[in-house]
Amino acid sequence: MCATCGCSDAGGVTVTDAAGSAHQHVHGHGHDHGHDHAAHEHADDGHDSRTVTLEQAVLARNDELAERNRRWFADNGVLALNLMSSPGAGKTTLLERTVAELGIELGIGVIEGDQETLLDGERIRATGAPVVQINTGAGCHLDASMLADGLRTLDPATGSMVLVENVGNLVCPALFDLGEDSKVVIASVTEGAEKPLKYPHMFRVAQLVLLNKIDLLPHLDFDVERFLDGARRANPRIEVLEVSATRGDGIDRWYEWLRGRHAQLQ
Amino acid sequence: MHELSITQSVVDTVCERMPDATVRRIRLDIGRLSGVVADSVRFCFDLVAEGTVLDGAVLEIVESPGRARCRACDAEFEVNDLLALCGCGAQELELLAGQELMIKEVEVAA
Ligand SMILES: Nc1nc2c(ncn2[C@@H]2O[C@H](COP(=O)(O)OP(=O)(O)OP(=O)(O)O)[C@@H](O)[C@H]2O)c(=O)[nH]1
Ligand SMILES: [Mg+2]
Ligand SMILES: [Zn+2]
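Chains as they are written, first to last, in my numbering: chain X, 1 to 266; chain Y, 1 to 110.
Watch out, some of these pointers could steer you wrong.
Residues from chain X that face chain Y, not an exhaustive set, calculated with beta carbons under 10 Å [unchecked claim]: (1) L54; (2) A57; (3) V58; (4) N62; (5) R68; (6) G107; (7) G230.
From the derived model, a few chain X residues whose C-beta atoms are all more than 10 Å from chain Y [what the hints assert, rightly or not]: (8) G77; (9) E101; (10) L102; (11) E105; (12) P200.
Don't read these hints as lab results, they were simulated from the structure.
For glycine and all other residues, C-beta sits at the position ideal for the given N, C-alpha and C.
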């Protein structure tokens, strides 16, 4: 419960550093109790109530914090990417491989978002890369304030790269800007080819799609063309790379894409 | 379910801006292309509002329709689905409206 405004804290958010020791509990949503917005009031004649026009974006607070993150990334020449997918599409596997093969070259640090457990953070830590685990508790997505907390703990160096693994979910994370440079969707061939048509919001906000687990294609009847059509239907400008995070197929094109984004920022 | 955090943001915003009010009615605009399901917001509103200045308030939701302009032929039309195509067959649409997620107004006890 937030003492000032009495609203309930939906959070229970925890940030854990790479050593797995320091637990920092943060308020689920950033509050400052400023009342600096002009409200327009109208007296409703003959009633004991009045109507106050607010005209305020519901996500204004998140968008403001996301902008603050974006400025921080720009000022420090840090490239941040937001990786999103349904549960199990292979985000952590892709990250493990990416930090192992490219982590030192590009100075990659990872922020792991999951509702519970330190498991994915530990998988990244085992590769030796800097990592912070955020547990969202009931939350089904990361928001800009959680990312800001994660960044304070990760403390990325100037010119480095931060890869954020969002909570496994193809719906909610699409709505919450973190201040990242680009959003990357990971879809896997085991999920079926119509994913982009079923979750157009997610594909619409993404710059890149990695179609993962293509090593399994011989065992499935997954129509790659249908997937590509759907992805372009949801977002005509989207770029799609076909990869296997476990076997390494196509992974060099993902690395090229990362190097390209990183170079553009320097 | 992001509607819970959306509803939480609505309640937080009103609590911040009007900490001493008793809100009787609140009006939201949830565009049909916003990715937020109005019914889910209705479903969790009372629970999230409990114990706040919005406790007991009536929730009104306006679901504004989507509008788009075709990038190929410039036609403007109503769309209520992100996968809509233009009559000319083009896919690339510029969304003009329907993504709103706004707190429009509140009615407070005088
Ligand atoms: N065959 C195959 N399996 C893969 C590939 N990538 C990931 N997997 C497997 O898919 C399962 C889930 O992978 P994760 O990397 O944990 O998926 P995730 O997206 O991080 O999952 P959450 O964090 O739970 O949302 C594991 O068993 C992986 O080994 C791939 O390219 N090919
Ligand atoms: Mg994972
Ligand atoms: Zn057209």
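Hints versus structure:
1. Interface restraint check: X/L54 against chain Y, minimum CB-CB distance 5 Å, threshold 10 Å, status holds.
2. Hint on X/A57 holds. Least Cβ distance to chain Y is approximately 6 Å, under the 10 Å limit.
3. Because the closest C-beta pair between X/V58 and chain Y is about 4 Å apart, less than 10 Å, the hint holds.
4. Taken as an interface hint, X/N62 checks out: its beta carbon lies about 7 Å from the nearest beta carbon of chain Y, inside 10 Å.
5. Taking 10 Å as the C-beta cut-off, the interface hint given for X/R68 is violated, the closest approach to chain Y being about 17 Å.
6. Because the smallest distance between the Cβ of X/G107 and any Cβ of chain Y comes to about 32 Å, over 10 Å, the interface hint for this residue is violated.
7. A least Cβ separation of about 9 Å between X/G230 and chain Y falls short of the 10 Å threshold, and the interface hint therefore holds.
8. The beta carbon of X/G77 is kept farther than 10 Å from every beta carbon of chain Y, the shortest such distance being approximately 31 Å.
9. Even its closest Cβ contact with chain Y, about 34 Å, leaves X/E101 beyond 10 Å, as expected for a residue assigned away from the interface.
10. Remark: the non-interface label on X/L102 is consistent with the geometry, its nearest Cβ contact in chain Y lying 32 Å away (cut-off 10 Å).
11. At the 10 Å boundary, the C-beta of X/E105 stays outside the reach of chain Y, the nearest C-beta of that chain being 36 Å off.
12. Chain Y draws X/P200 into its interface by the beta-carbon criterion, the shortest separation being 4 Å against a cut-off of 10 Å.
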